[in-house]
Amino acid sequence: MTSLPYTTDVRPDTGLTNPKLGIWLFLASEVMLFGSLFSAYVLLRTGDPLWPDQSAVLNVPLATLNTIVLISSSITMVLAWEALKMRRIERYRLYMGLTLLLGAGFLLVKAIEYGDKFSHGLMPSTNNFLGLYFTMTGLHALHVLAGMVVNAYLLGPGVRMWQAEPERFTNRVEVAGIYWHFVDLIWIFLFPVLYLL
Amino acid sequence: MSPDTAPHVRRYVVVFGALLALTLTTVTISYLRLPSAPTVALGLTIAAAKAALVAMFFMHLKGERPMVCWPLALTAFLFAALFAFILWTEADHIVLTTTYHLPPTN
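Here the protein sequences come in this chain order: A and B. Under my numbering, think of the first position of the first sequence as 1, with each following residue one higher. Under my numbering, think of the first position of the second sequence as 1001, with each following residue one higher.
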């Protein structure tokens, strides 16, 4: 029935389903992507005696709210997967819907932040700090958006798979969840590095 | 897939509480305006603790197969090497000014 092998059964050699191994290898590459930007931050900040007071430029309370929003979306995402494991589809819909809502809230706050910076003439080209800030949070926001597209599919047309292949669908949601937690994890580092230090 | 996963749900809520507490702690510490070195050390330690909680419990890395853990260990090593080279490059003239007295940009 399935077109791809080992979506519900584990491979004998790896002991994992293919999607599970695949998402982790993908996340390993993402670590290096964001890692390169974090190391650029370290390189540019060390040795710069005129680095601006980050918490004076950026809005710390708003970003703290955003951190709580994203962490909350991580827990609703994992509760959505747990609901599928308990075969409670309506509960899944509720939690996945909440995850999407919280993700949208995060992006809305970021849009407000960016708009506020631009209205004060603070652009990526203004200085190294702002260049890094917009690049790193912008790339992160794109990752949030991509995750929301996947989650919206899994809440919308994708949920049809629950009828015919519930275990395969549950594994899909688990894998999407692992990606979503990673996006939260990146923000857990972005927030202190760009706003608090 | 057994239906009694309620204990797992309780664990997630506990982890969520811990993440909230650590978030508020890290923000509070930043308002103390400590010198740069302890600020960086504390901030990154708390971030690492939060990341470990998310990875272990939300991403189910705790008890995951070696086939997942070993590539991640390699990634962590390469990531550390990247940072080590950056810091080694700048080691003779690292400046980490406490910038609180400087005005905001432009």
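It is possible that some hints are incorrect.
Claimed, not checked - To be clear about the criterion: a stretch of chain A counts as covered by chain B if any three or more of its residues have a C-beta under 8 Å from a C-beta of chain B, and this derived list gives those stretches:
hint : stretch
1    : 38–45
2    : 71–77
3    : 102–116
4    : 130–144
5    : 148–158
6    : 176–186
Claimed, not checked - Estimated spans, in silico, between C-beta atoms of each pair:
hint : chain 1 : residue 1 : chain 2 : residue 2 : range
7    : B       : V1014     : A       : S3        : 14 to 22 Å
8    : A       : G115      : B       : L1087     : 32 to 40 Å
9    : A       : A111      : B       : W1088     : 33 to 41 Å
10   : B       : G1063     : A       : P49       : 15 to 23 Å
11   : B       : R1033     : A       : P49       : 13 to 21 Å
12   : B       : S1036     : A       : L139      : 45 to 53 Å
13   : A       : P5        : B       : E1090     : 47 to 55 Å
14   : A       : T135      : B       : L1087     : 16 to 24 Å
15   : A       : S29       : B       : G1063     : 33 to 41 Å
16   : B       : R1010     : A       : L139      : 29 to 37 Å
I should point out that these hints are in silico values taken from the structure, not numbers from a laboratory. It should be emphasised that the depicted structure is a prediction, and the values quoted were computed from it without experimental measurement. Don't be surprised by glycine CBs; every beta carbon is placed ideally from N, CA and C.
Hints and how they fare:
Given a C-beta distance limit of less than 8 Å, the hint that chain B covers the stretch 38–45 of chain A holds, as 5 residues qualify and 3 suffice. With 5 residues having a beta carbon nearer than 8 Å to a beta carbon of chain B, the stretch 71–77 of chain A meets the requirement of three or more and the stated coverage holds. A count of 0 residues in the stretch 102–116 of chain A with a Cβ less than 8 Å from any Cβ of chain B is obtained; the coverage claim is therefore unmet, three being the minimum. Residues of the stretch 130–144 of chain A lying with their CB closer than 8 Å to a CB of chain B number 1, which falls below the three-residue condition for coverage.
Requiring three or more residues with a Cβ within less than 8 Å of a Cβ of chain B, the coverage given for the stretch 148–158 of chain A is violated, as only 0 such residues are present. Look at the stretch 176–186 of chain A against chain B: 6 of its residues bring a Cβ nearer than 8 Å to a Cβ of that chain, three or more, so the hint holds. Between V1014/B and S3/A the beta carbons are some 40 Å apart, a value that contradicts the proposed interval 14 to 22 Å. Hint check: G115/A to L1087/B, Cβ distance near 35 Å, so the stated range 32 to 40 Å holds.
Checked against the hint of 33 to 41 Å, the C-beta distance between A111/A and W1088/B comes to roughly 39 Å, which is consistent with it. Between G1063/B and P49/A the C-beta distance comes to about 47 Å, which lies outside the given range of 15 to 23 Å. Look at R1033/B against P49/A: about 18 Å separates their beta carbons, and that is inside 13 to 21 Å. Range check, S1036/B to L139/A: about 26 Å between beta-carbon atoms, so the 45 to 53 Å window is missed.
Checked against the hint of 47 to 55 Å, the pair P5/A and E1090/B passes, with Cβ atoms roughly 48 Å apart. Taking the beta carbon of each, T135/A and L1087/B are about 21 Å apart, inside 16 to 24 Å as hinted. Taking the beta carbon of each, S29/A and G1063/B are about 24 Å apart, not inside 33 to 41 Å as hinted. In this structure the hint that R1010/B and L139/A lie 29 to 37 Å apart at CB holds, the actual value being about 35 Å.
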